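Protein chains in written order, with my numbering: chain Y, 6 to 66; chain G, 6 to 66; chain L, 6 to 66; chain W, 6 to 66; chain C, 6 to 66; chain F, 6 to 66.
Don't read these hints as lab results, they were simulated from the structure.
Check before you lean on any hint, since a few could be wrong.
Here are the simulated lysine-lysine pairs, DSS-like style, with alpha carbons at most 30 Å apart [as the list claims (entries may be wrong)]:
hint: 1; chain 1: W; residue 1: Lys-35; chain 2: C; residue 2: Lys-35
hint: 2; chain 1: G; residue 1: Lys-27; chain 2: L; residue 2: Lys-35
hint: 3; chain 1: Y; residue 1: Lys-53; chain 2: C; residue 2: Lys-35
Label-pair ranges, simulated between beta-carbon atoms [to be verified]:
hint: 4; chain 1: F; residue 1: Pro-15; chain 2: Y; residue 2: Thr-18; range: 25 to 33 Å
hint: 5; chain 1: Y; residue 1: Ser-64; chain 2: C; residue 2: Ala-20; range: 33 to 41 Å
hint: 6; chain 1: L; residue 1: Pro-41; chain 2: G; residue 2: Thr-66; range: 39 to 47 Å
What you are looking at is a predicted structure, and each value in this text was computed from that prediction instead of being measured.
Even for Gly, the Cβ is constructed at its ideal location relative to N, Cα and C.
6 protein chains.
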Amino acid sequence: MPVIHIEMWPGRTYAQKQELAKAITDAFVKIANTTPEATIVIFSDVPKENWAQAGVLSSET
Amino acid sequence: MPVIHIEMWPGRTYAQKQELAKAITDAFVKIANTTPEATIVIFSDVPKENWAQAGVLSSET
Amino acid sequence: MPVIHIEMWPGRTYAQKQELAKAITDAFVKIANTTPEATIVIFSDVPKENWAQAGVLSSET
Amino acid sequence: MPVIHIEMWPGRTYAQKQELAKAITDAFVKIANTTPEATIVIFSDVPKENWAQAGVLSSET
Amino acid sequence: MPVIHIEMWPGRTYAQKQELAKAITDAFVKIANTTPEATIVIFSDVPKENWAQAGVLSSET
Amino acid sequence: MPVIHIEMWPGRTYAQKQELAKAITDAFVKIANTTPEATIVIFSDVPKENWAQAGVLSSET
């Protein structure tokens with residue numbers, strides 16, 4: 006059941022995404038009584054020039 | 006009024022997106038009393054390596 | 006695979022949501038080569054006071 | 006940096022949300038080289054009547 | 006064209022939402038060459054117990 | 006605290022994104038009692054062929 010969306014800057018490797026998907030799914034199964042099959046994780050790589058904090062694009066910092 | 010977001014793997018053709026946008030808009034107009042002009046559909050192509058189910062990236066399956 | 010998010014004003018009945026979920030899923034199965042089981046539809050009821058167009062809350066119009 | 010959105014059915018307790026937020030944040034810090042402070046987790050409780058799979062509202066199953 | 010989603014804690018008044026919708030729409034019209042009519046703003050009030058930073062629910066801080 | 010997502014067609018320049026991020030953050034600080042540091046803005050460039058209104062892809066209009 007849970008659908009998990011992750012927005013982060015590019016730079017995470019394929020292996021890191023594998024590990025994150027595994028760790029997050031395990032957390033939901035263990036803590037929230039879901040099944041692995043029902044747990045969907047979707048990554049979104051957001052370029053730093055599309056991300057701002059304090060009014061400044063992260064590509065500037 | 007309705008805003009519809011669609012996340013799916015790449016591979017749908019331009020013609021398929023045209024058909025989907027038309028079919029979904031028609032469904033909202035017919036079932037939910039909206040106007041076509043007020044119905045917005047946004048597609049997001051999510052690479053398989055950014056999608057996981059059961060803790061495994063879809064690019065691995 | 007597809008995850009579909011629908012944002013709309015409250016007021017759609019339970020029966021209308023049933024019909025919408027069915028019609029949208031059918032469209033994806035027919036047009037986009039997905040299976041019904043892999044098609045997830047999530048509705049979000051957005052109060053008119055949380056929706057604005059042209060800079061005016063929809064509750065004002 | 007990462008912003009994580011979680012959509013799930015209601016029913017998770019306050020304590021479960023605490024554990025999930027902690028576990029997910031820990032996973033990002035350990036695997037993805039982020040800081041805890043930069044990791045935001047947002048839960049969204051989606052009623053079963055607003056969630057459909059295979060064209061059927063989850064409140065029907 | 007732009008669709009703007011805003012997630013924030015509850016507590017913003019109706020008047021504040023009116024002002025925010027107006028100010029954001031004006032910014033898009035002035036800076037991004039859009040029309041007011043094409044600019045949609047959607048607010049989402051996220052309870053503090055559904056928001057976490059640094060692994061801690063905001064309702065705890 | 007606020008997280009703001011902006012979906013729009015490509016074509017906005019880097020300078021326009023800088024201005025938008027600044028203007029939106031300023032609006033939240035002034036109107037909604039947030040701090041600049043707590044205000045995150047995320048842009049998403051949606052190709053016209055992934056955007057439909059009235060059932061027609063925007064790339065067709």
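Comparing the hints with the structure gives:
1. With a C-alpha separation of about 43 Å, the suggested pair W:Lys-35 and C:Lys-35 falls outside the 30 Å cut-off, and the hint is violated.
2. Note on G:Lys-27 and L:Lys-35: the hinted pairing holds, with a Cα-Cα distance of about 13 Å set against a maximum of 30 Å.
3. For a cut-off of 30 Å, the pair hint linking Y:Lys-53 to C:Lys-35 stands: about 24 Å separates their Cα positions.
4. Our hint of 25 to 33 Å for F:Pro-15 and Y:Thr-18 holds, since their Cβ atoms are close to 27 Å apart.
5. Under the hint 33 to 41 Å, the C-beta atoms of Y:Ser-64 and C:Ala-20, about 35 Å apart, fit the expected range.
6. In this structure, L:Pro-41 and G:Thr-66 break the distance hint of 39 to 47 Å, their C-beta atoms being roughly 19 Å apart.
This entry does not satisfy hints 1, 6, going by the numbered hints stated previously.
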